[in-house]
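**Student:** If you want the building blocks of each chain, they are given just below.
There are 6 protein chains.
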Amino acid sequence: MDTWLPSLITETPQDGYDLAVKLSRVAVKLTQPDAEIRDRLRPEYAQDAEALIAVSQVVATHFATVAAANGYWKPSK
Amino acid sequence: MDTWLPSLITETPQDGYDLAVKLSRVAVKLTQPDAEIRDRLRPEYAQDAEALIAVSQVVATHFATVAAANGYWKPSK
Amino acid sequence: MDTWLPSLITETPQDGYDLAVKLSRVAVKLTQPDAEIRDRLRPEYAQDAEALIAVSQVVATHFATVAAANGYWKPSK
Amino acid sequence: MDTWLPSLITETPQDGYDLAVKLSRVAVKLTQPDAEIRDRLRPEYAQDAEALIAVSQVVATHFATVAAANGYWKPSK
Amino acid sequence: MDTWLPSLITETPQDGYDLAVKLSRVAVKLTQPDAEIRDRLRPEYAQDAEALIAVSQVVATHFATVAAANGYWKPSK
Amino acid sequence: MDTWLPSLITETPQDGYDLAVKLSRVAVKLTQPDAEIRDRLRPEYAQDAEALIAVSQVVATHFATVAAANGYWKPSK
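Protein chains in written order, with our numbering: chain A, 42 to 118; chain B, 42 to 118; chain C, 42 to 118; chain D, 42 to 118; chain E, 42 to 118; chain F, 42 to 118.
There could be a bad hint or two in this list.
[Unchecked claim] DEER-style ranges, computed between Cβ atoms: (1) LYS70/D / PRO47/A: 42 to 52 Å; (2) GLU77/B / PRO47/A: 35 to 45 Å; (3) GLU77/B / PRO116/C: 50 to 60 Å; (4) TRP45/C / LYS63/F: 40 to 50 Å.
[Said to hold, decoys possible] Capping the alpha-carbon separation at 16 Å, the derived lysine to aspartate or glutamate pairs in EDC-like fashion look like this: (5) LYS70/E / ASP89/D; (6) LYS63/E / ASP59/D; (7) LYS115/E / GLU52/F; (8) LYS70/D / ASP80/D; (9) LYS63/A / ASP59/F; (10) LYS70/F / GLU91/E; (11) LYS63/B / ASP59/A; (12) LYS63/D / ASP59/C; (13) LYS70/C / ASP59/B; (14) LYS70/C / ASP80/C; (15) LYS70/B / GLU91/A; (16) LYS70/F / ASP59/E.
Bear in mind the hints are in silico, worked out from the structure with no lab data behind them.
Virtual Cβ for every residue (Gly too), placed ideally from N, Cα, C.
Same shape as in the complex, but just chain A:
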């Protein structure tokens, strides 16, 4: 796999959130490397409320990490 995570530092909180989404997806890719199977699963869980909430939980966990890494994007004093 190519470099996909050079740094946890992002310019804005929103970019950090996008990175958290990315971090949550890569583990799925590494566990199920077959893109065709993933594509088959996607419409299924994207219409399943419980799966969507579970995805949101993973994103929340990664966002905590990214936010801490960025000092919560607070202006340095």
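Given the coordinates of chain A, work out where chains B, C, D, E and F should sit on it, guided by the hints.
**Tutor:** Showing chains B, C, D, E and F alone in chain A's frame:
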């Protein structure tokens, strides 16, 4: 997507809680961008106790991050 | 919604635990604002062991935040 | 409810673990105050592997808090 | 129960991981003290992918605590 | 088991993510030591969206630990 997360800093704990709710919802939007499908899912999970608890778990995880970012809203000494 | 979370600071650990319970319930209210539906769901999940454990998990996550906010209620030196 | 959580400080890690177990149980009591119903649920979930693992997850979350509160029981230097 | 957790400090990260596994198992023992029932449940969940992943989640939570307690096993400067 | 976790320190965030994936897998191995059974379970959960999301959650929890251990890979000042 427009800017929806300019900062993690909020004036009060309650505003921070509202931000945590927002943070928990955006991941669902990003995973299921079709608003019509989301609208169809909503009444379903909003009447499902386990789904409501799971949503509350995601909010709790984000609230931890927002609270830390705000130094727990303690008056600075 | 009126002010329900003026502060994360509590006098005792036990008050902090009660606040964690409150924090876990508000997200449910915000997701399902209809009190009648919530009242219908309550007896159901309150007799479901897995749902009770899931509630306890949410409380644990919020308690971690409240405890950190209060410096774990350690006497200041 | 009487005072059941005067402090998060324990003498040993093992006492802290016991406190984490207690913390995980109280939320269940507060959500289902009827002792008779809880007694009915107990044998059920105590024989359900997934429920036991879920209980263990709640304990782990509370143990993290208790351990942090106690400075991980490291001898002060 | 005898002393089983004298300290969170371990010599290596791997020992810390083993301790996290132990910490995740004790909660199950305390909730289901009957060894015979636990022995009956074990082969069942050990062949259930979702249960194995849930166990791994508990271990991850405890490992976070143990790692923090050990200062991440970084050589002190 | 041989030494498989000599350190939590990695050179890059991406290496840290790979370590988090490894950490999430070892708990499964320790709970189900029979490689044949694990091999039988793998194709099953690798095609189950909810299981894949649960794996991603475990990875997220370990990644938080590894990232903290590495000071978030920020250049030291």
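**Student:** Are the hints correct? Go through all of them and say.
**Tutor:** To see whether the hints hold, each was checked on the structure:
For the hinted restraint 42 to 52 Å between LYS70/D and PRO47/A, the CB-CB distance of approximately 49 Å keeps it satisfied. In this structure the hint that GLU77/B and PRO47/A lie 35 to 45 Å apart at CB holds, the actual value being about 37 Å. Between GLU77/B and PRO116/C, the C-beta spacing of about 56 Å keeps the proposed range 50 to 60 Å intact. The supplied range of 40 to 50 Å is met by TRP45/C and LYS63/F, whose beta-carbon atoms lie about 43 Å from each other.
Taking the CA atoms of LYS70/E and ASP89/D, the gap is near 13 Å; set against the 16 Å cutoff, the hint holds. Taking the CA atoms of LYS63/E and ASP59/D, the gap is about 14 Å. The hint holds against a cut of 16 Å. Between LYS115/E and GLU52/F the CA atoms are separated by roughly 14 Å; this keeps the pair inside 16 Å, and the hint holds. The hinted pair formed by LYS70/D and ASP80/D meets the criterion: a straight-line CA distance of about 11 Å does not exceed 16 Å.
Taking the CA atoms of LYS63/A and ASP59/F, the gap is near 14 Å; set against the 16 Å cutoff, the hint holds. Restraint check: the Cα-Cα separation between LYS70/F and GLU91/E comes to about 14 Å, which is no more than 16 Å; the hinted pair holds. Restraint check for LYS63/B and ASP59/A: the C-alpha separation of about 14 Å stays at or below 16 Å, so the hint holds. Between LYS63/D and ASP59/C the alpha-carbon distance is near 14 Å, which keeps this suggested pair within the 16 Å criterion.
Taking the CA atoms of LYS70/C and ASP59/B, the gap is about 12 Å. The hint holds against a cut of 16 Å. Taking the CA atoms of LYS70/C and ASP80/C, the gap is near 11 Å; set against the 16 Å cutoff, the hint holds. The hinted pair formed by LYS70/B and GLU91/A meets the criterion: a straight-line CA distance of about 14 Å does not exceed 16 Å. With a CA separation close to 12 Å, the supplied pair LYS70/F and ASP59/E stays within the 16 Å bound.
In this structure, none of the earlier numbered hints is contradicted; all agree with it.
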